[in-house]
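2 protein chains.
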Amino acid sequence: MNTPSEYIANNKDRFLSELLDLLRIPSVSARSEHNNDMIHCAEMVASRLRAAGADLVEVCATAGHPIVYGEKIINPNFPTVLVYGHYDVQPADPLELWNSPPFEPMIKEGKIFARGACDDKGQMYMHVKAFETMMQTGTLACNIKFMIEGEEEVGSINLGKFVVENKSRLKADVILISDTSMISMETPSLDVGLRGLAYMEVEVVGPNRDLHSGVYGGAVANPATILAKLIASLHDENNHIAIPGFYNDVIGLTQEERSDLNAAPFNQNEYNDDLGIATEWGEKGFSTLERTGTRPTLEVNGIWSGYTGEGAKTVLPSKANAKISMRLVPNQNSDTISRIFSEHFNKIAPPTVKVKVTAHHGGEPYLTPTDSIPYLAGSKAIEATFGKKPVPTRSGGSIPIVALFERELGLKSMLFGFGLDSDNLHSPNEKYDIFNYYKGIETIPYFFKFFAEMQKES
Amino acid sequence: MNTPSEYIANNKDRFLSELLDLLRIPSVSARSEHNNDMIHCAEMVASRLRAAGADLVEVCATAGHPIVYGEKIINPNFPTVLVYGHYDVQPADPLELWNSPPFEPMIKEGKIFARGACDDKGQMYMHVKAFETMMQTGTLACNIKFMIEGEEEVGSINLGKFVVENKSRLKADVILISDTSMISMETPSLDVGLRGLAYMEVEVVGPNRDLHSGVYGGAVANPATILAKLIASLHDENNHIAIPGFYNDVIGLTQEERSDLNAAPFNQNEYNDDLGIATEWGEKGFSTLERTGTRPTLEVNGIWSGYTGEGAKTVLPSKANAKISMRLVPNQNSDTISRIFSEHFNKIAPPTVKVKVTAHHGGEPYLTPTDSIPYLAGSKAIEATFGKKPVPTRSGGSIPIVALFERELGLKSMLFGFGLDSDNLHSPNEKYDIFNYYKGIETIPYFFKFFAEMQKES
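Chain order of the listed sequences is A and B. Quick note: the first sequence uses this note's numbering, first residue -5, plus one each step. Quick note: the second sequence uses this note's numbering, first residue -5, plus one each step.
Be a bit skeptical, because a hint or two may be false.
[Claimed, not checked] Which chain A residues stay away from chain B? Per the calculated CB distances, all over 12 Å, these:
no., residue
1, Ala3
2, Ile33
3, Glu37
4, Cys54
5, Met129
6, Thr131
7, Thr133
8, Asn152
9, Glu180
10, Val351
11, Glu447
[To be verified] Facing chain B, a subset of chain A residues (Cβ under 10 Å, in silico):
no., residue
12, Leu188
13, Val214
14, Tyr265
15, Leu269
16, Gly270
17, Ser281
18, Arg289
19, Gly296
20, Glu304
21, Pro344
22, His355
No wet-lab data here; the hints were simulated from the structure. Note that CB positions come from ideal geometry on N, CA and C, so glycine has one too.
In isolation and in its complexed conformation, chain A is listed as follows (with noise of 0.2 Å):
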């Protein structure tokens, strides 16, 4: 019988070329002309699932997109570990930044460009094949479960109801999820802490018509100067979030902590030529990598009012939009700040304007025991195939679900990330590197050899 190691060499361009095609769905859980991709894709997973070995694979219908579950319990006294990942991938646009079409995977310099090539697919997938590469090798050292979900991007919005009235066929000994990044190959780290997140979308309402901007203007409201008035508002001149209370919550890094954390390789010079910005900008008082992994933020992510068209309309708009989101650091609550967000909007907005606040999706923070089990196991895992210890990291993204699997699971999520932050998830072109691919698929299995180990010893 071959080794892993092997076993993955042997069969490395049927790993890539699954993968590619898995990439080709246009699954795009936000728009609902892309539901029967969504199908289609969710009963790919099951039957790549079905052929690595996996039983029970069901693809279970929510309200929304469907779950995919399959296990393959080797022994009841066994450990288990619960895989998590997403089918599902933000949309594409704007597609007209795309050197190659999104749902055509392009490789080229060793990189996979697509739309999902690493949030969430590929490195969802690498966990495919690091089953069957057990299975096949006769190296499964605990039970494993897999829950594949396909509405991540849009918040998780059926998950928590299936979770919940699953409990007993999810049950693990800790969760497994690979959707972050680490610093780089040179430099390997895990990720142990997420952000929350709060999303909103705002609509602040004028005229009941748009209005000719000459017979008019001057005169009324315009709703878009009202929302920039309004957006502006939401930060200091220090960046600071100036929503009363949006702090509160807040645990502020002992300087131990923010000093380990600025001890980790970054370069503000190659960060800024990366992004081709001139300086940064963020929280006085506070570097890059605290204030993207441990300080909250709040970001537009889209706003839209008038005439946006070619030429020009002179216009003045009955009504102006924006979508909203914050991240969220340990120890604040996504609801808490969804409702002082709505409140502080509905507040400062003038009473010549109406104002419409809803709340899209919201995610907790979370973090990981460096002592934990789980943590010591991956740091291993990551020892065993890249030669050095990971550095333990913040990630600013959030994954909402996670402090859903803590709390009506009561299990930890164990990060375990082979993503860089130069992949493009959410941008155009997309990419993910085919050696990441391939070196998540050969240490996934060190983790759950070290994972038994260590769980039989403790």
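We have chain A already, so just place chain B on it with the hints.
Positioned in the frame of chain A, the structure of chain B alone reads:
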């Protein structure tokens, strides 16, 4: 031979159906996909002028959309009226807010609903039918020339060149334009002031690509947030425009002029109710009529950035754009204002973004003297058909070309508008009352009659 009134009564159904034909052509000058519609529309105007009795009718090519010319010289010693109008219309979007398709005219409760019904096809075509009426009843008292352009809604880009190159062909004693509004049919009014226009487009560029708002949020300037801050700073807390030097050339009205203006019939509550707003808005210290008629204003006509589709997308956008236009009052200059806007916008932008400001098109403000022959003839014509003298008012709108006519042709323009502020110009459900259409056709011949008489006497 019929009197003009009899002729109009006998032909009113045809006069209406001919206008509807014109409204069916989607002559949107701002959109290149309508270039063929523009030609089609120009040719229809030309053939209608010929049918009405005009000579030397020509669809004159320009670098953009063509200009339709036609004339009837009955006696070289008679005064000449040059009728100016435009056959192009504003874009119709947002389409979903129209109750009936914008280019399928719908008659409801005595009103024609269609894009261009009032601005300016309906008002321009009154002149063609008034001309026909005068020809068929032997009452044409002046020579008449028509210059109907196709680029008014995009800044009359090529009309200036045409005017300069056709000075002798365009020789006349006055320019007559129906492209403005009256207070109401019960309170007829004549516009004596037009505001100028400076129309700018701004782009704020942050990072070189759309970013994941979790990974980068809080550490990179968000162009949508920055644009909101820049726009917010353009009006101070009293809604004065906060661009240094903006008011330098504004000449305030005398106390008497202000009193006269504010004596015009106006009900703020009805105004607010019509627009569905709780309270008015505007520059502190001025009434609504002053704000729209006599004060310069700044409006956001459009703004867009990031994700504007269904659902949530956690993107930190690479750029943000806005269209911003300013209405100018007499003695302000469009080029000067465009320049100081641009300088100011560049100056206030923080170094962490790049800003690009471009000027779309401008136009100069204008005033018609109320003791001039054209005004007096117009006033007497209104009195003849409405039974009361018109009130002189100042429109908030702009017809940028009027200042050019004065400069290049040495001609005053007489604004002879029969629209209403409630006609939804540049908005969904634009309309024109059939009553006003016929009233215009009936009134215009009186203008010709009185203008000829007064010119001979002078």
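Do the hints match the structure? See the list:
| no. | hint | verdict |
| --- | --- | --- |
| 1 | Ala3 | holds (32 Å) |
| 2 | Ile33 | holds (18 Å) |
| 3 | Glu37 | holds (23 Å) |
| 4 | Cys54 | holds (22 Å) |
| 5 | Met129 | holds (34 Å) |
| 6 | Thr131 | holds (35 Å) |
| 7 | Thr133 | holds (34 Å) |
| 8 | Asn152 | holds (14 Å) |
| 9 | Glu180 | holds (19 Å) |
| 10 | Val351 | holds (14 Å) |
| 11 | Glu447 | holds (34 Å) |
| 12 | Leu188 | holds (9 Å) |
| 13 | Val214 | holds (6 Å) |
| 14 | Tyr265 | holds (8 Å) |
| 15 | Leu269 | holds (4 Å) |
| 16 | Gly270 | holds (3 Å) |
| 17 | Ser281 | holds (9 Å) |
| 18 | Arg289 | holds (6 Å) |
| 19 | Gly296 | holds (4 Å) |
| 20 | Glu304 | holds (6 Å) |
| 21 | Pro344 | holds (8 Å) |
| 22 | His355 | holds (6 Å) |
Comparing the model with each earlier hint shows no violations; every hint is respected.
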